[in-house]
Amino acid sequence: MKIFEFEYKCETSIIHKLDPRAKLVYVILFTVLTIYFTNPLILLLIFLSSVPMAILGKIVRKWLISIKSSLFFIIFIFLFNFIGIFWTTGKIIDTIIISIAMTIRFISLISIFSIFFLSTSPEDLMQSMIKLKIPYEYVLTFNMAIRFVPTLAREAQTIIDAQRSRGLEFEKGNIFQKVKKYIPILIPLIISSLRRAEVIADAMESRAFGASKTRSFLYTLTMSKKDFIFISICIITFTIFLFLRMFSYIQ
Amino acid sequence: MGIVEIRNLTFKYANSDKPSLYDINLSINKGEFFLITGPTGCGKTTLCKCLNGLIPNSYHGDFSGEVIVDGLSTKEHPVYELAQHVGLVFQDPENELFCTSVEKEIAFGPENLGLPRDEIRKRVEEAMAMVGISHLRERSPYELSGGEQQKVAIAAILAMKPKILVLDEPTSNLDSLSAYSILNLLLNLKKEYEMTIILVEHRLEIVAKMVDRCAIMNEGRIIAIGDPREVLYSDIVESIGIGIPKIVKLAKRLKLSSRPLSSSELANILKVKK
Chain A
1 MKIFEFEYKC
11 ETSIIHKLDP
21 RAKLVYVILF
31 TVLTIYFTNP
41 LILLLIFLSS
51 VPMAILGKIV
61 RKWLISIKSS
71 LFFIIFIFLF
81 NFIGIFWTTG
91 KIIDTIIISI
101 AMTIRFISLI
111 SIFSIFFLST
121 SPEDLMQSMI
131 KLKIPYEYVL
141 TFNMAIRFVP
151 TLAREAQTII
161 DAQRSRGLEF
171 EKGNIFQKVK
181 KYIPILIPLI
191 ISSLRRAEVI
201 ADAMESRAFG
211 ASKTRSFLYT
221 LTMSKKDFIF
231 ISICIITFTI
241 FLFLRMFSYI
251 Q
Chain B
1 MGIVEIRNLT
11 FKYANSDKPS
21 LYDINLSINK
31 GEFFLITGPT
41 GCGKTTLCKC
51 LNGLIPNSYH
61 GDFSGEVIVD
71 GLSTKEHPVY
81 ELAQHVGLVF
91 QDPENELFCT
101 SVEKEIAFGP
111 ENLGLPRDEI
121 RKRVEEAMAM
131 VGISHLRERS
141 PYELSGGEQQ
151 KVAIAAILAM
161 KPKILVLDEP
171 TSNLDSLSAY
181 SILNLLLNLK
191 KEYEMTIILV
201 EHRLEIVAKM
211 VDRCAIMNEG
221 RIIAIGDPRE
231 VLYSDIVESI
241 GIGIPKIVKL
251 AKRLKLSSRP
261 LSSSELANIL
271 KVKK
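Going line by line, the protein sequences match chains A and B.
Read in the numbering used here, the first sequence has 39 at position 39, and its numbers run on one by one without any break.
Read in the numbering used here, the second sequence has 24 at position 24, and its numbers run on one by one without any break.
Careful: at least some of the hints might be erroneous.
[Claimed, not checked] If the Cβ cut is set under 8 Å, some of the chain B residues that face chain A in the computed set are: (1) 52; (2) 88; (3) 100; (4) 109; (5) 156; (6) 160; (7) 187; (8) 193; (9) 240.
[Said to hold, decoys possible] Calculated cross-link-like contacts (lysine-lysine; reagent style DSS-like; alpha-carbon spacing at most 27 Å): (10) 209/B <-> 131/A; (11) 58/A <-> 133/A; (12) 209/B <-> 213/A; (13) 226/A <-> 190/B; (14) 122/B <-> 190/B; (15) 213/A <-> 249/B; (16) 133/A <-> 190/B; (17) 249/B <-> 209/B; (18) 161/B <-> 30/B.
To be clear, the hints were calculated from the coordinates, so they are not data collected in a lab.
These numbers were taken from a predicted model, which means no experiment stands behind them.
Glycine included, every Cβ here is placed at the ideal spot set by N, Cα and C.
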């Protein structure tokens, strides 16, 4: 099951063109909001505020898919909260309200994070990590991990096919027997990954990896006017939501 | 003295019980197109790793003798320094390419050197022009064909501005047409940019007529070295498992006095005889 649609498609919407750091500000501020509030109406408002982002980013379809594919967790969170709170308090109306609030909170978080990942290329993400002073070795490791997922998947498929043609049956047996049958897949996969890692290390060294302490970059990120405007909008909305909280206290 | 000098090189990997290379002596001249061939497991890949200093710098084992490339001893200089003198292209380009676009892939080496941005831009453009892939710059390396990927891998090495290019079976995963295009590209690099090229290759049918000299390895030793016409027509090569070009076999059967390496050469000889 895919929880998030991590796959990035190169598009050129306003949201895609924003600096990832500006989008990170959005993610942090709105995550704080969703965790801070417990009122279901305000949480719903926070969720709705992320809808225009998806529309502007032209990612509505994929955004919907990532929410839809977490349906299992949404139901799970609702039921878990419902049973748990009803068990301890015994008040049916409060229980329903809080359960709904928790569910909306979860959906909002998924919405915010999937907007970020759907509109940011892995390369941009890497560049912003570098700008955030994360050491290049870690950033490169992260990048490589993403890069070699399809390669590894293909290799796993080859190994599965090879073991199948030697008579390994995955469909038969109970759950424990089935899990055991994956060992002849995992061992060759791990060994070939280690070998591949060695070759990659050689290739990187042959291209002077680690030559200079201060690595330079062909492309770097620069914050432009539209990024600052976007950050300002985020901060203003953030403050408005905080005012809503005060307002509800006065009431 | 040649641009590459190997003296009494013996190397044994830490986990193996017999040496992969025995007493190798080799001298390669500047601007030479040098071919190394031999059966699988004869030590060709190990020799390639010795040439750019991965052995002895990154691999454990017993290393004796000396490898000097472009005046630098591989024992005394780190791989990243040697990488600017000798470039190594590997067998499977898929493992060498890890960036999101061709341009960034080629920029990886110069970026590691910490060069200023203008210089990186210049080198990337030059490297792309040298192998003729400027039109692919925005593409992602994994969506390219095998031949194009190998060209990107070569360009990525050329961006380091090495004088010597070492290629370890660059065409083994390619179809004949792409292989032909890669090998022709190498010939062009030699002729136009005066690069020294050391090629490990099995497709003797194509490369035999391109190279200046060739060496044949077997069980960690160089068993024959010299002009491809001499080496491929010698009796020693028939006893080991390498694919001798059909032209050579045919010419031997016909007991021709001259030694053709390509079908057109053979055709010319036969025409004259008629």
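How the hints compare with the structure:
1. 52: holds (6 Å)
2. 88: holds (5 Å)
3. 100: holds (5 Å)
4. 109: holds (4 Å)
5. 156: holds (6 Å)
6. 160: holds (6 Å)
7. 187: It is violated, given that the least Cβ distance between residue 187/B and chain A is near 22 Å, above 8 Å.
8. 193: Result: violated, 19 Å to nearest chain A Cβ.
9. 240: violated (27 Å)
10. 209/B <-> 131/A: Answer violated: residue 209/B to residue 131/A is near 52 Å, above 27 Å.
11. 58/A <-> 133/A: With Cα atoms ~31 Å apart, residue 58/A and residue 133/A exceed 27 Å; violated.
12. 209/B <-> 213/A: violated (45 Å)
13. 226/A <-> 190/B: violated (50 Å)
14. 122/B <-> 190/B: It holds: about 21 Å lies between the C-alpha atoms, which stays within 27 Å.
15. 213/A <-> 249/B: violated (55 Å)
16. 133/A <-> 190/B: violated (43 Å)
17. 249/B <-> 209/B: Given that 27 Å is the threshold and the Cα spacing comes to 15 Å, the pair holds.
18. 161/B <-> 30/B: Within the cut-off at roughly 15 Å; holds.
In this structure, the earlier hints numbered 7, 8, 9, 10, 11, 12, 13, 15, 16 are contradicted, and the remaining ones agree with it.
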